[in-house]
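Participant: Below, each chain spelled out in residue letters.
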Amino acid sequence: MPNSKRIEMKINGESYAAEVEPRLLLVDFLRVNARLTGTHVGCDTSNCGACTVMLDGLTVKSCTVFAVQADGREIFTVEGLSKDGKLHPIQESFRDHHALQCGYCTPGMMLSSLFLLSNKPNPTEEEVRKGISGNICLCTGYQHIVNAVLDVAKRGQRQQKKRPRSGKN
Amino acid sequence: MYSVPFDYLCAHNIQEALKLLSEYGEEGRVIAGGQSLIPLMKLRLARPKCLVDIKRVPGLSFINKENGHLKVGALTTHRELGVSDLIRSDLPIMHEAAQVIADPQVRNLGTLVGALCQAEPSGDWAPVVLALGGRLKCVGQKGERVLEAKEFFVDAYTTLLQPGEILTEVNLPIPGARAGGAYLKVQRRAGDFAVAGVAVQLTLDEAGLCKDIGIGLSGAGLTPLRAVAVEELLRGRRISAEILEEASRCLAGSVDPISDLRGSSKYKTDVLKVTLKRAVQLAASRSKRS
Chain A
1 MPNSKRIEMK INGESYAAEV EPRLLLVDFL RVNARLTGTH VGCDTSNCGA CTVMLDGLTV
61 KSCTVFAVQA DGREIFTVEG LSKDGKLHPI QESFRDHHAL QCGYCTPGMM LSSLFLLSNK
121 PNPTEEEVRK GISGNICLCT GYQHIVNAVL DVAKRGQRQQ KKRPRSGKN
Chain B
1001 MYSVPFDYLC AHNIQEALKL LSEYGEEGRV IAGGQSLIPL MKLRLARPKC LVDIKRVPGL
1061 SFINKENGHL KVGALTTHRE LGVSDLIRSD LPIMHEAAQV IADPQVRNLG TLVGALCQAE
1121 PSGDWAPVVL ALGGRLKCVG QKGERVLEAK EFFVDAYTTL LQPGEILTEV NLPIPGARAG
1181 GAYLKVQRRA GDFAVAGVAV QLTLDEAGLC KDIGIGLSGA GLTPLRAVAV EELLRGRRIS
1241 AEILEEASRC LAGSVDPISD LRGSSKYKTD VLKVTLKRAV QLAASRSKRS
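Residue numbers (our numbering), protein chains in the order written: chain A, 1 to 169; chain B, 1001 to 1290.
Because the hints were derived from the structure by calculation, they are not lab data.
Worth double-checking, as some hints may not be accurate.
As the list claims (entries may be wrong) - Listed next, the in silico DSS-like pairs over lysine-lysine satisfying Cα-Cα at most 25 Å (straight line):
| id | chain 1 | residue 1 | chain 2 | residue 2 |
| --- | --- | --- | --- | --- |
| 1 | B | K1019 | A | K5 |
| 2 | B | K1142 | B | K1019 |
| 3 | B | K1055 | A | K10 |
| 4 | B | K1211 | B | K1277 |
| 5 | B | K1142 | B | K1071 |
| 6 | A | K154 | A | K130 |
| 7 | A | K5 | B | K1042 |
| 8 | B | K1273 | B | K1150 |
| 9 | B | K1049 | A | K5 |
| 10 | B | K1055 | A | K5 |
This is chain A alone, in the form it adopts within the complex (with noise of 0.2 Å):
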């Protein structure tokens, strides 16, 4: 590769380098390179959300950006979300709340939950619907969706209640 590029990344913590094309998407450089396909190629036109990351904290769609342009940053995928075989909250209350039928869209949708969440954790419907707004779902028409999100936060609170009263028992 005449013009190939050295980069390297903190995928989910861990550091990850290759030489690389310019013309490489971040979404196959996760996929190909680090072998981490939980990140999906939906439309591959920016409209879907499939391949939806975090870079340095910030949702991007992974299609939609170079992987020079992720060199010497954090990047963020679904496969960081469960912690020692334990799911997250958000992967939690997807699977109660039947937020998924294919499970194509997911990955994306709970890393733009996720994002919402941190700076919202107590968001209205509406803003829930506006914060997965980048992300298209063809099988559940959302309402689930929408329901797990909200149940996130309500989890959250009740899990802060219940505490001292597991401390007596």
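With chain A held as given, fit chain B onto it using these hints.
Facilitator: Frame of chain A, contents of chain B only:
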């Protein structure tokens, strides 16, 4: 689809960026967020030989208040504008527009300046900057020049920015007392480009007459447009149902929307007429409250 191959160069200061750009002439393009440019490159409608990335140039991301103006830097993103307290208090029309641009992911990366350079005829920022009477600072190796937004958009996706130049700053006057603004957009679905968009920034005098007004249009032709004839019609008049009817007829005569998948030329003209009336009315009511 993948773009054609290109060289990617990362600039670390503005002089370096200008030097790299001058080496490639018309084959070089600046990239910041890339949210307009990358989709075009993937469609191979844009085929630059070289991208000069200015994202790591320090001092280009800012929202500063100076001498009655807000200055916005080349790297300031839609999101940063949308959450800025300064924008919310001093240029509420920009706060309003920032919420309806594309979707959260695109807003996290894309920039105001990038959108202006793209000159998308159905984009949201150009009409707002036109209505506000913004000025654009363009820097080249031979020096800098300041262009009026109203002369910047010359043809479809074409601006006065020359090869080798970088638009580094947008300068927006802060409206004074009794000012009101509104940006209204009609879109087919969340995050889409506008079927039609109207930005109105006006000032009423003490008697309630329209002292000054700027109107910018999206989806009205090959370029973002400033509705000069409508502005002239409304200046010095009281905003009433009758004058708005006259204004919308005047608007229909001065726009020429392109028929495309977002609607026919006739439909878009009708949507522009209705949206104009609503936007002027909303701006006037906000002016009375301010």
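Participant: Each hint should be assessed against the structure and marked as holding or not.
Facilitator: So, going through the hints one by one against the coordinates:
A distance of roughly 20 Å separates the Cα atoms of B/K1019 and A/K5; the hinted pair therefore holds under the 25 Å criterion. With a C-alpha separation of about 11 Å, the suggested pair B/K1142 and B/K1019 falls inside the 25 Å cut-off, and the hint holds. Proposed proximity of B/K1055 and A/K10 is supported: the alpha carbons are some 18 Å apart, at most 25 Å. Proximity of B/K1211 to B/K1277 is assessed by CA-CA distance (about 18 Å); at most 25 Å being required, the pair is judged to hold.
Restraint check for B/K1142 and B/K1071: the C-alpha separation of about 23 Å stays at or below 25 Å, so the hint holds. Taking the CA atoms of A/K154 and A/K130, the gap is near 19 Å; set against the 25 Å cutoff, the hint holds. A hinted pair counts as satisfied when its Cα atoms are at most 25 Å apart, and A/K5 with B/K1042 qualifies at roughly 20 Å. With a C-alpha separation of about 21 Å, the suggested pairing of B/K1273 with B/K1150 holds against the 25 Å cut-off.
Taking the CA atoms of B/K1049 and A/K5, the gap is near 15 Å; set against the 25 Å cutoff, the hint holds. For a cut-off of 25 Å, the pair hint linking B/K1055 to A/K5 stands: about 17 Å separates their Cα positions.
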